[in-house]
Amino acid sequence: MPVSPDFLDYILDLLAPLSNEYGGPVEAPRLFGGRGLTLHGRNFALITRDDTLYLKTDAVSQPTFAAAGCIRFTPWADKPHRSLGYYTPPDGAMDDPDELLRWARLAVGAALRAPAKAPKKARAPAAAKKKNLADMLLE
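Okay, so the sequence shown: first residue is 3 according to the numbering used here, each after it adds one.
Keep in mind the hints are simulated off the structure, nothing from the lab. On a predicted model such as this, the values are computed, not experimentally measured, just so you know. Ideal Cβ positions, reconstructed from N, Cα and C, are used throughout, including at glycine. Do not take every clue at face value.
Across the chosen pairs, the derived CB separations fall in these ranges [as the list claims (entries may be wrong)]:
| id | residue 1 | residue 2 | range |
| --- | --- | --- | --- |
| 1 | 125 | 101 | 42 to 50 angstroms |
| 2 | 68 | 7 | 30 to 38 angstroms |
| 3 | 6 | 71 | 35 to 43 angstroms |
| 4 | 26 | 94 | 42 to 50 angstroms |
| 5 | 54 | 125 | 33 to 41 angstroms |
| 6 | 71 | 125 | 40 to 48 angstroms |
| 7 | 100 | 125 | 45 to 53 angstroms |
| 8 | 65 | 123 | 32 to 40 angstroms |
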């Protein structure tokens, strides 16, 4: 089941102040049955199919999330030790817009500190790679 539209709208409303603070819209593209939350093309959060919000962490912010008892996102049931570095906000933050924003700002900071992804290299057109069967027979 995909992310519920009501939950997505609720989260986007709570995080709307980030748009003004960082000068760009919070966007929510589809991501493996859930939604990713981005600012300026940088992923800072995700919402899973069960309507759980996870916020991005890094070496700077992860200890703060762990100390607050936040739950680590572990997408592979058979590999619980593996993590993508996302954590839930602490208990109560989902009910307190100011508190949620405080934690979301930590996630945006982690996203902004992450190195930008290198642009993908252009591939040669498929036609240039494959020889025409007729040409191969004439060789």
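Evaluation of the provided hints:
In this structure the hint that residue 125 and residue 101 lie 42 to 50 angstroms apart at CB holds, the actual value being about 46 angstroms. Between residue 68 and residue 7 the beta carbon distance is about 32 angstroms. The supplied range of 30 to 38 angstroms therefore holds. For residue 6 and residue 71, the hinted distance range of 35 to 43 angstroms is not satisfied, since their beta carbons lie about 25 angstroms from each other. For the pair residue 26 and residue 94, the supplied restraint of 42 to 50 angstroms is violated, since their beta-carbon distance comes to about 28 angstroms.
The hinted window of 33 to 41 angstroms between residue 54 and residue 125 holds, with their beta carbons roughly 37 angstroms apart. A hinted range of 40 to 48 angstroms for the beta carbons of residue 71 and residue 125 is consistent with their spacing of about 46 angstroms. Taking 45 to 53 angstroms as the suggested C-beta distance range, the pair residue 100 and residue 125 conforms, at roughly 47 angstroms. For the pair residue 65 and residue 123, the beta carbons lie near 36 angstroms from each other, so the given range of 32 to 40 angstroms is met.
In this structure, the earlier hints numbered 3 and 4 are contradicted, and the remaining ones agree with it.
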